[in-house]
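Spelled out from the first residue to the last, the chains are:
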Amino acid sequence: MDFRFTEDQLIFRDAVRDFLDGECTPAAIRGLIDSPDGGAVKFRTALAELGLTGLPLAEEHGGLGMNELDAVLAAEECGRAAVPGALFDSMAVAGPLLAEAAPELAAEWLPKVATGEATIALGHALNPFVLDAGIADLLLMARDGALYAVPRSTVTLTEAPSVDPSRRPAKVQWSSSAGQKILDGERFEALWTLALDRAALYAAADMLGATQRMLDMSVEYTKNREQFGRPIGSFQAVKHLLADVQVKLTFARPVVYYAAYALVNGLPQRSIRVSHAKVAAADAATLGARRTLQVHGAMGYTWEYDLQIWMKRVWADAGCWGTSAWHRARIAGAILAPGTDLGPGRTWAA
Amino acid sequence: MSDAIESAEDQAFRAEARDWLTEQLEGPFAYVRFRGGPGEEDEEFEGRVEWEKAMGAAGWTGISWPKEYGGRAASLSQQVIFYQEYARAGGPGRVGHIGEGLVAPTILAFGTEAQKQRFLPGIKSGTELWCQGYSEPAAGSDLANVQTRARLEGGKWIIDGQKVWTSLAHKAGWCFVICKTEPDAPRYRNLSFLLVEMNQPGITVKPIVQLSGTSEFNEVFFDGAHAPAENVVGAPGQGWKVAMALLGFERGASTLGQQIGFESEFKEILAAARENGTAKDPVMRQKLAQCWIELQLVRLNALTNLNEGTTRPGLAAINKLCWATWHRDAGELAMEVLGAEAEICAEPPYALTRMQSRFLFSRSDTIYGGTNEIQRNIIAEQGLGLPREPRP
Ligand SMILES: Cc1cc2nc3c(=O)[nH]c(=O)nc-3n(C[C@H](O)[C@H](O)[C@H](O)COP(=O)(O)OP(=O)(O)OC[C@H]3O[C@@H](n4cnc5c(N)ncnc54)[C@H](O)[C@@H]3O)c2cc1C
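Sequences listed follow chains A and B, in order.
Residue 1 is where the first sequence starts when you use my numbering, and the numbers rise one by one after that.
Residue 1001 is where the second sequence starts when you use my numbering, and the numbers rise one by one after that.
Wrong hints could be hidden among the right ones.
List time: in silico DSS-like cross-link candidates among lysine-lysine, alpha-carbon distance up to 30 Å [stated by the list, open to error]:
(1) LYS1116(B) <-> LYS1067(B)
(2) LYS1171(B) <-> LYS1067(B)
(3) LYS1116(B) <-> LYS1053(B)
(4) LYS1267(B) <-> LYS171(A)
(5) LYS239(A) <-> LYS1287(B)
(6) LYS223(A) <-> LYS1206(B)
(7) LYS171(A) <-> LYS1241(B)
(8) LYS181(A) <-> LYS171(A)
(9) LYS1267(B) <-> LYS1067(B)
(10) LYS1241(B) <-> LYS1180(B)
(11) LYS1116(B) <-> LYS1156(B)
(12) LYS223(A) <-> LYS1180(B)
(13) LYS1206(B) <-> LYS1171(B)
(14) LYS42(A) <-> LYS171(A)
(15) LYS1171(B) <-> LYS1241(B)
Quick caveat, the hints were computed from the structure, so don't treat them as lab data.
The structure displayed is predicted, hence computed values, not measured ones.
Only chain A is shown next, with the shape it has when bound in the complex (with noise of 0.2 Å):
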């Protein structure tokens, strides 16, 4: 097992941050809070040019048919930059999913998914509230055991502010008769297990690159604030604060990125990798936001300041697909289950 990305996965993974360095800044994110869809259209279709949007799907839904692995890296630099929008929920988890559950439905949408035209959004009971629901053309929502793919036109939403003032979550109430059943019984049961663990890896990644985000601000912040004639990163009690943020955050990528690499290979260990990552990530990010905040002040407490929209994208992201409770729940039934197996043999392995 080699834990390292091979070079073509950080050419990918360079070009999508450079991109975004250049036209996700936070004047933009900024300029768009107060759309109506906060700008997940405008970087949906930005981010198109780049092939982002059909990086999961198959080549012949005009996707580039990559992988989990690929994806992932993409994913944390779009939590680096705060990109509106739920991108991945709609072109890495609801695009593969419709094309296991229902190929004809995907020939007719993933297309324009992969172009940065369509959004397909997912209603999952562990979350109450559908983002980006206001702008999908499709949505796929679970109900009694079964998965039914929902035309937009015959949902009614109401709107539900999110404290993070890019996203765009709303209720959404909806029909089956009006929706096509797309799966149901053990089939569904598989495919929406895959899906969740899926949205949970990216909500993780999601939630390294916005921790890095922070820490880098923080340390730019700590070298030049001065107080009592030094730079204020000089005092061990600052540096101290940060330095634990930095272990977090090197522990936690390696376990999203195990993660990544348990559900591109079928790992019967997957579900629980997945769920390790997301505590993992939320730890990080949430001892990063608490941090970070610390180490500026009152500086870090204004609107004007832009540590918020990542502090803000983090608790939105933890709470989000299964909160660490959750997870640790699903953890711990997995490996308290009788007959488990664990040990050394199985640590390294699957």
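Model the placement of chain B with the ligand on the given structure of chain A, informed by the hints.
Quick look at chain B with the ligand alone, frame taken from chain A:
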């Protein structure tokens, strides 16, 4: 520690406080009940000003002050009783806390008789609200580095400079300002503590928006602002000593009311956990229990240490560190209890829920009034006597 649970006198005090608070807050002031808590400073502000005046008229402001200045000389235990009853009755966020909790004890300790006569009545009656002019762009933790200057000219102080993060400056009639008056004196001996009227041409207040989208604090610009020569507390050049004593009050007894209010906040977190079922989750149960344990630490620490807080070095810092950290962590726990619902606001476009407001506001508890790191430095240096950090 005395063994009596509550003396007859204290019981009578409690009954009197409870009766008055209930009568008012279920009667004419029902509309301010539970309003204007941490993070909701703008809520029903005018009503809360009226409330402050009503409290003053009935003798419930400045209760710890000596009787000759209109106080009740209430003991610490009576102050605790009052705040308990206040929280229980749903008393609103106080608009007069900076005057009552910070300025008044400072004037009582360092002010002239004339200053006491001039300023205490306005604080007591709720007719003069105050704000705190300490921090500046280059002087946050390093407060001694303030650059705002004042010079005596024709029997008046003339003040030039800038303050920042000044809470309630947009509402206050008065500001206490730490400024440099002795430019040639060494650090710590070059400052004065001035009492300055806000409503004058030389002062401009600009709101700063907080991450909650509301704005409780401001930038305050002094451009040839005036104050009468006698409005200096302590001698010119003694400002640092006075300023530090005020911080002792700020970190000590002044927050008692707020700390007792934490009990209500904690109850709300428990109620949310019961309602959405998180209370059944074993990990969350442990966390809630731990939060309760730490709240008891805050409470017992306040009760035992506040009497000594201003005399024993480092105790006020322990108190501040303790409640600020509790509040910040409780804010996070509340969000965790709410889970996926935590991010959803009360209504469009950006009206936060009470728990969100508290969560966001409590991010600042570990910063204002001296950051956690500064409190730890004080505990270590002044409390334990460890060698000092290098200072300029
Ligand atoms: C909500 C709110 C309300 C406020 N209201 C008022 C008010 O009404 N009036 C007023 O005057 N001020 C007010 N303040 C300002 C507050 O007092 C300052 O924010 C605080 O003193 C810290 O200063 P700073 O923000 O400049 O941070 P800095 O001093 O720049 O600190 C940044 C970081 O460096 C750390 N640091 C600095 N020096 C050291 C050191 N020697 N050792 C270790 N760590 C160090 C700090 O702990 C912090 O983590 C308010 C602040 C907030 C957030």
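- Given the proposed pairing of LYS223(A) with LYS1206(B), does the C-alpha separation stay at or below 30 Å? Answer holds: LYS223(A) to LYS1206(B) is near 28 Å, not above 30 Å.
- Given the hinted pair LYS1171(B) and LYS1067(B), is their alpha-carbon gap at most 30 Å? OK: LYS1171(B) and LYS1067(B) at ~29 Å, within 30 Å.
- Message: Just to be careful, I want the Cα atoms of LYS42(A) and LYS171(A) compared with a cutoff of 30 Å; is the pair within it?
- Response: 23 Å, holds
- Agreement of LYS1116(B) and LYS1067(B) with the hint, judged by alpha carbon distance not exceeding 30 Å: 13 Å, holds
- Does the alpha-carbon distance linking LYS1171(B) and LYS1241(B) stay inside the 30 Å limit? Given that 30 Å is the threshold and the Cα spacing comes to 27 Å, the pair holds.
- Given hint LYS171(A) paired with LYS1267(B) - CA-CA distance at most 30 Å: 28 Å, holds
- Given the hinted pair LYS1241(B) and LYS1180(B), is their alpha-carbon gap at most 30 Å? 13 Å, holds
- Does the structure keep LYS1267(B) and LYS1067(B) at a Cα separation of 30 Å or less? Given that 30 Å is the threshold and the Cα spacing comes to 36 Å, the pair is violated.
- Task: Take a quick look at whether LYS239(A) and LYS1287(B) sit within 30 Å of each other, Cα to Cα.
- Result: Within the cut-off at roughly 28 Å; holds.
- Query: Is the Cα-Cα distance between LYS1116(B) and LYS1156(B) 30 Å or less?
  - Reply: 20 Å, holds
- Holds or violated: LYS223(A) to LYS1180(B), with C-alpha atoms at most 30 Å apart: Holds, because 27 Å separates the two Cα atoms, which is no more than 30 Å.
- Message: Can you confirm whether the C-alpha distance between LYS171(A) and LYS1241(B) stays at or below 30 Å?
- Response: Status violated; Cα separation ~57 Å.
Against the hints set out earlier in the document, violations occur for numbers 7 and 9.
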